[in-house]
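Asker: Below are the chains, spelled out letter by letter.
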Amino acid sequence: MSIMMPSKEEKEQSIHTILELGMQPSKTLKDVIPVLLKRIRIYNLFFGIWDAIFLAFVCVIAFTVVFMLPEGINRNVRYMGLFFISPFFYLMLHGFTAWKELQNGTYEIKMTCHYTLRELTALRMIIFSVFCIVLDVILSGGIWHFTKEGMKLFQLIGLSLSALFFYGTATMAVLRKGLSIYGQLAVPVIWSVLCLVPIILKIDMEAILLALPNVVVGIVFVAAVCCYLVQIKKYLFGGEKGGFYYVVS
Amino acid sequence: MLSVNHVTKKYGKFIALEDITLEFENGVYGLLAPNGAGKTTLMKMLATLLFPTSGEILWDGIKITELGEQYRDILGYLPQKFGYYKNNTPRQFLRYLAALKYIDVKVVEEKIEQLLEMVSLCEDADKKMRKFSGGMLQRVGIAQAMLNDPKVLILDEPTAGLDPKERVRFRNIIHNLAKDRIVILSTHIVSDIETIANQIVMLRQHKLLCCESPKEVCKRLQGKVYEVPAESENRETGFLLSERQSENGTVLRVACEEPPKDGVLVAPNLEDVFLYIYRDGMEG
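Protein sequences appear in the order of chains C and Z. With the first letter of the first sequence counted as 1, position 161 gets the number 161 in my numbering; the numbers rise by one all the way through. With the first letter of the second sequence counted as 1, position 223 gets the number 223 in my numbering; the numbers rise by one all the way through.
Straight-line alpha carbon distances no greater than 25 Å define the calculated PhoX-like cross-link-like pairs of lysine-lysine that follow:
| hint | chain 1 | residue 1 | chain 2 | residue 2 |
| --- | --- | --- | --- | --- |
| 1 | C | 110 | Z | 111 |
| 2 | C | 234 | Z | 63 |
| 3 | C | 100 | Z | 127 |
| 4 | C | 110 | Z | 128 |
| 5 | C | 177 | Z | 10 |
| 6 | C | 38 | Z | 106 |
| 7 | Z | 81 | C | 110 |
| 8 | C | 110 | Z | 151 |
| 9 | Z | 81 | C | 100 |
| 10 | Z | 207 | Z | 63 |
| 11 | C | 110 | Z | 131 |
| 12 | C | 110 | C | 100 |
| 13 | Z | 179 | Z | 111 |
| 14 | Z | 86 | C | 100 |
| 15 | C | 27 | Z | 63 |
| 16 | Z | 128 | C | 100 |
| 17 | C | 233 | C | 38 |
Where chain C lies over chain Z, by a calculated footprint (3+ residues, C-beta under 8 Å):
| hint | stretch |
| --- | --- |
| 18 | 42-56 |
| 19 | 61-73 |
| 20 | 100-113 |
In silico contact screen, one side only, chain Z against chain C (beta carbon under 8 Å); selected entries:
| hint | residue |
| --- | --- |
| 21 | 79 |
| 22 | 84 |
| 23 | 144 |
Just so you know, these hints were derived from the structure itself, not from any lab. Backbone N, C-alpha and C define an ideal beta-carbon position, used for all residues, glycine too.
Please work from the sequences and hints to get the whole structure.
Answerer: Laid out in structure tokens, this is it:
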């Protein structure tokens, strides 16, 4: 008995069908974020948490006025303050909004909506990083103005934004892993220590940073942005793990 | 149809729920168990807030975790502690949640108006929620859960903290909602579900005890519940369920296998069964 074997065309058609049905188009941030923003709308993204954002602004302004603006502040302190403040602002925005959600108990309902708290958090983090970039550029300009013979504006902006995005990367990684509140606090604590060490040990950061070629600053900045976007993507498309995993986050 | 297949939920070594198998069809399901028996864990798993350690939850044969937003689109959930923003009005809050539920903007306003009317909050729709009573907040909670006209409505202890009048109003709302959807209601207050639930789901020691109609549940104590005068010599006989005042003085309601002296056999009610099943040492 002879068995009818499929022709080459039939085989190729079958492979094509399997691939078409089996391989879903990969989601990209570039495609998904604009759609999410359009559907959820910026106003709703910050619904009920404007007071938390205002509080974050107040904290950052207070920090700037106390530690960075007064005359006679050591240049080294100003530089480290600059690298600290942008992530600090990011931390305040994220921390206060998460705290507000927890206090109000609104997170559970949001977790059962079409667009969950995970999507809201990812979008908020992106917008927060835009707020931080604006702040960073303004402050870098200010520091550059005060210390004209020191670092160049490009270096200040490049390095402080790199600091912001590396900090953001660490924060998103911790959120994604669903670590406990202590695990989440580890990121700001480690960051604070890293910023304080050069001040306490009186390391001349200006000399070290001035020695960095512009190319290196550029590469570090691009790497930081890429790491941040990768973490946002993993967080957004990482799937639901349930529990308070992404509530506390 | 919503199916729970051999679901177990563990928190470390602690087993919150063990091997639960249930099937839900349209109607009201009252999830009845004492505090700590696993009611909220089960509700949260049905609402995709928690996921089973083992077993699966299916909607029309597909895992709810795989369905993701498709399942959440047919889900309405009112948590035990309804969270809201005090400085917003019910209308603003419902508009916000409508956006998160991705409800067509063309129908949102009309839908909100209908829901506010359903929960009798039209007059307070533009007042800040910080001034609302517990009952009013629960009604906002019901309205938000109904925004997407869900096929599965999960209400976790919705009557806790409500006064008797609000409780009756709440029961009436639920009764009307249950005609064409699955309503799962958890409570430890028997009277809340006695009149409206088609099926009673009882949990004991983190396992499923039964899923039966209230009538069938009551049959479990058929022929075992007696009323005995408090002065009777046999007042210690059986398990004391409750007591009430009658024209002839205090009457004790007891459950026992053998008829006590002076005892009058009475029909058991759901509260009797609840008290008997969850007597000391047999709780959740």
